[in-house]
Amino acid sequence: MEQDQRHDVIDLTNLTDSFSHPSSNQQQASSNADVIELDRDSDDSIFDRDLSSDGEYVDIYKNPKQRVAKLKATIKRKFREYDQRMERLEKLKREQIKQKEEKEKERLKKIKQTVREKCRAMRKKRDKCAVCNSIPKETTFGTCPICLDELGDEPMASTICGHVFCIDCIHKYLKHEPKCPTCRKDLKGSKVYHPLYLSQGT
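First residue of the sequence shown: 1, per my numbering; consecutive thereafter.
One or more hints might be untrue.
[Claimed, not checked] Calculated lysine-lysine pairs in the DSS-like style (CA-CA distance at most 25 Å, straight line):
| no. | residue 1 | residue 2 |
| --- | --- | --- |
| 1 | Lys-103 | Lys-118 |
| 2 | Lys-112 | Lys-93 |
| 3 | Lys-191 | Lys-118 |
| 4 | Lys-124 | Lys-191 |
| 5 | Lys-98 | Lys-118 |
| 6 | Lys-191 | Lys-125 |
| 7 | Lys-185 | Lys-175 |
| 8 | Lys-103 | Lys-91 |
| 9 | Lys-105 | Lys-118 |
| 10 | Lys-112 | Lys-98 |
| 11 | Lys-110 | Lys-98 |
| 12 | Lys-124 | Lys-109 |
| 13 | Lys-124 | Lys-188 |
| 14 | Lys-65 | Lys-76 |
| 15 | Lys-78 | Lys-65 |
| 16 | Lys-188 | Lys-125 |
| 17 | Lys-98 | Lys-109 |
| 18 | Lys-100 | Lys-110 |
[Unchecked claim] Here are the simulated distance ranges between beta carbons:
| no. | residue 1 | residue 2 | range |
| --- | --- | --- | --- |
| 19 | Lys-72 | Arg-107 | 51 to 57 Å |
| 20 | Lys-191 | Glu-102 | 19 to 25 Å |
| 21 | Ala-69 | Lys-109 | 42 to 48 Å |
| 22 | Lys-118 | Gly-142 | 31 to 37 Å |
Hints were generated in silico from the structure; no laboratory data involved.
For clarity, every value in this text was computed on a predicted model and none was experimentally measured.
Heads up, the beta-carbon is just placed ideally off N, CA and C, and yes, glycines get one too.
Let's have the full structure, built from the sequences with the hints guiding it.
Next up, the structure:
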């Protein structure tokens with residue numbers, strides 16, 4: 001009986017020491033637990049945070065295939081976004097080139113229109129000069145056959161038959177009688193005379 005009672009005795013001193021001074025295995029387990037917890041929250045975490053859109057962490061040591069699959073999916077998505085971005089840039093570039101070409105066409109159109117108007121004005125002026133040159137020398141200067149005033153001081157006009165009058169005189173005269181006051185040729189229509197701006201002595 002005494003021997004059995006000795007086996008039932010518990011060494012409370014060693015038990016107390018075990019609580020106050022944990023063994024090396026217990027310390028290592030506690031340290032490992034702390035490391036795992038720190039790794040979960042650190043930047044170099046073993047959990048894939050970037051590839052988990054639903055907030056779940058993927059342990060690379062337990063799910064390497066899943067991590068590779070997610071990496072491939074991410075790469076494909078990045079390439080797809082890059083292609084879409086490049087396509088938008090190309091489309092924008094084409095639109096800008098088209099707008100620039102349209103502006104250039106409009107500018108050239110305006111230039112051509114201006115040149116045509118100037119050429120038309122020059123032809124009109126040349127035609128007037130031809131009429132002036134066709135006027136007989138004796139009728140270029142002198143007096144107006146209608147008002148008998150000196151020609152050259154006031155604006156003049158030459159009829160299609162080559163006679164010169166004061167522009168006001170021939171304008172009023174043709175309203176009453178559509179004939180040349182000098183040669184009596186019929187002068188009907190809107191372009192039967194042309195304005196002249198000649199000075200006496202030129």
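- [ ] Measure nothing beyond the straight line between the CA atoms of Lys-112 and Lys-93; if it is 25 Å or shorter, mark the hint as holding.
- [x] Violated, because 28 Å separates the two Cα atoms, which is more than 25 Å.
Task: Given pair status - Lys-98, Lys-112, alpha carbons within 25 Å - done: Holds. Lys-112 to Lys-98 sits at ~21 Å (cutoff 25 Å).
Open item on the list: Against the 25 Å threshold, does the CA-CA distance of Lys-191 and Lys-118 hold or violate the hint?
Closed with: Measuring from Cα to Cα gives roughly 22 Å; hence the hint holds.
Open item on the list: What's the verdict on Lys-191 and Lys-125, does the C-alpha distance respect the 25 Å limit or exceed it?
Closed with: Distance of about 15 Å is within 25 Å: holds.
- [ ] For the pair supplied as a hint, Lys-98 and Lys-109, confirm whether the alpha-carbon distance does not exceed 25 Å.
- [x] Satisfied, since the Cα-Cα distance of roughly 16 Å is no more than 25 Å.
TODO: Sort out whether Lys-125 lies within 25 Å of Lys-188, counting only the CA atoms.
DONE: This hinted pair holds, its Cα atoms lying about 23 Å apart.
Open item on the list: A range of 19 to 25 Å was offered for this pair. Does it hold for the Cβ distance of Lys-191 and Glu-102?
Closed with: violated, 40 Å
Open item on the list: Checking one constraint from the list: CA of Lys-103 to CA of Lys-91, max 25 Å. Satisfied?
Closed with: holds, 18 Å
Task: Hinted pair Lys-124 and Lys-109, Cα distance within 25 Å - done: Answer holds: Lys-124 to Lys-109 is near 22 Å, not above 25 Å.
Open item on the list: Checking one constraint from the list: CA of Lys-100 to CA of Lys-110, max 25 Å. Satisfied?
Closed with: Distance ~15 Å between Lys-100 and Lys-110 Cα, so the pair holds.
- [ ] Given the hint that Lys-98 pairs with Lys-118, test it: the Cα-Cα distance must not exceed 25 Å.
- [x] violated, 30 Å
Open item on the list: For a C-alpha distance cap of 25 Å, please report whether Lys-110 and Lys-98 respect it.
Closed with: Judged against 25 Å, a Cα distance of about 18 Å means the pair holds.
Going through the hint list in order, the structure does not satisfy hints 2, 5, 20, 21.
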